[in-house]
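First residue of the sequence shown? That's 1 in the UniProt record's numbering, and the numbers climb one at a time after it.
It cannot be assumed that every hint is accurate.
FRET-style restraints, in silico, Cβ to Cβ [claimed, not checked]:
no., residue 1, residue 2, range
1, M1, E148, 36 to 46 Å
2, M1, L200, 40 to 50 Å
3, G118, R17, 38 to 48 Å
4, L241, G113, 13 to 23 Å
5, N146, A68, 35 to 45 Å
6, I221, D47, 39 to 49 Å
7, E145, M1, 17 to 27 Å
Keep in mind the hints are simulated off the structure, nothing from the lab.
Even for Gly, the Cβ is constructed at its ideal location relative to N, Cα and C.
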Amino acid sequence: MKFLIVKDSIAEPQRARTVDAIFDALHTFAKVDVVIADKLAEAMHKDEIIFNLAIGQRHDFMQGKIAAISEMYGYEYVGSSSYTHYLCLDKFVAKNVLKSYGVRIPSGVLFDGKNFTGKVSALPVIIKPVAEGSGIGIDHESLCENAEEIEKIAINKFQKLKEPILVERFLDGPEVTVGVIGYGESTLVLPELEIDFSHLPDGIERYYSQRVKEDFCENVIYRCPSAFDKKVKARIHQTALKVFETLKARDYLRMDMRIVDGIPYVIEVNSMPGLDPQTSDLPKMIEPMNKDYEWLIKAIVKRAIDRIGG
1 MKFLIVKDSI AEPQRARTVD AIFDALHTFA KVDVVIADKL AEAMHKDEII
51 FNLAIGQRHD FMQGKIAAIS EMYGYEYVGS SSYTHYLCLD KFVAKNVLKS
101 YGVRIPSGVL FDGKNFTGKV SALPVIIKPV AEGSGIGIDH ESLCENAEEI
151 EKIAINKFQK LKEPILVERF LDGPEVTVGV IGYGESTLVL PELEIDFSHL
201 PDGIERYYSQ RVKEDFCENV IYRCPSAFDK KVKARIHQTA LKVFETLKAR
251 DYLRMDMRIV DGIPYVIEVN SMPGLDPQTS DLPKMIEPMN KDYEWLIKAI
301 VKRAIDRIGG
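The whole structure should be built from the sequences, with the hints applied where relevant.
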């Protein structure tokens with residue numbers, strides 16, 4: 001069996017570490033090659049399964065492109081389809097799809113630079129870009145409790161980021177992130193990871209802003225499994241499965257939820273979550289299972305192989 005890992009041309013330490021870790025995990029049972037995303041077309045072979053780790057720069061949407069190229073040329077790959085990736089790359093569209101299938105989401109509207117798609121129904125709101133990850137575009141101004149300030153903040157973010165801005169109700173409840181791996185009957189919800197922002201320094205936002213992710217991650221407390229009771233945990237897991245199935249996800253996915261009065265609300269979905277062994281959330285989720293990083297990668301890949309029919 002052969003795998004082709006696709007990586008970014010940017011040599012950031014976290015990305016390089018992820019490539020090396022997955023290479024080592026796969027190399028225990030298969031042949032593995034690595035290629036930069038820009039050279040993928042030249043390196044593809046029909047007998048290789050593609051494992052994409054490239055996300056590119058802002059607005060590259062590389063995860064969708066790599067999946068689309070693989071589909072167009074008939075190559076097998078690990079992870080969700082281009083449909084799922086592109087759907088999840090638009091938070092507003094993805095959440096409204098989930099809402100139409102009965103998944104609870106915060107109420108929200110979209111600002112396109114000139115107009116809002118509706119009226120803001122409740123305060124406070126969180127104001128953020130519709131197609132970014134890693135906390136980009138989320139800062140101390142993003143949480144707004146004054147209706148008169150919303151448009152000014154949205155315009156400012158639109159001008160800086162050059163993309164539509166999502167304005168949605170900020171849910172003041174505990175936050176969890178949940179990982180799902182597999183496909184069909186093999187789908188497995190990993191133990192939920194509770195995220196506690198209460199130990200951040202005074203004046204720092206109590207949500208995942210860009211500076212919290214980059215500068216204050218050591219002040220964020222993680223609990224896995226969470227401290228919720230069995231009923232709430234069951235609702236979290238049911239919601240995670242519903243999201244996974246509704247978005248037609250495959251192999252692995254991660255989503256963030258806020259819990260209000262014991263009810264999970266989905267606030268983010270990541271169709272290609274990070275797999276860095278040191279900092280990413282999915283590896284943290286398997287610790288209560290007494291599993292290691294190699295097990296996680298093999299579990300994802302095994303389910304992909306079963307789905308492919310290998």
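**Report entry** Assessment of proposed distance window 13 to 23 Å (beta carbons of L241, G113)
**Finding:** With a Cβ separation near 37 Å, L241 and G113 fall outside 13 to 23 Å, so the hint is violated.
Requested in this report: Confirm or reject the claim that E145 and M1 have a C-beta distance inside 17 to 27 Å.
Outcome: At 55 Å between Cβs, range violated.
Report task. Using the Cβ atoms, figure out if G118 sits within 38 to 48 Å of R17. Result -> holds (43 Å)
Query raised in the report: If you check the beta carbons of M1 and L200, does the distance land in 40 to 50 Å?
Result: holds (45 Å)
Query - Cβ distance range 39 to 49 Å for I221 and D47, holds or violated - result: 46 Å Cβ-Cβ, so the 39 to 49 Å window holds.
Report task. Evaluate the given range 35 to 45 Å for the C-beta pair formed by N146 and A68. Result -> holds (42 Å)
Requested in this report: Please test the hint of 36 to 46 Å on the beta carbon pair from M1 and E148.
Outcome: About 60 Å separates the Cβ atoms of M1 and E148, which means 36 to 46 Å is violated.
Violated hints, listed in ascending order, are 1, 4 and 7; each of the other numbered hints is respected by the structure.
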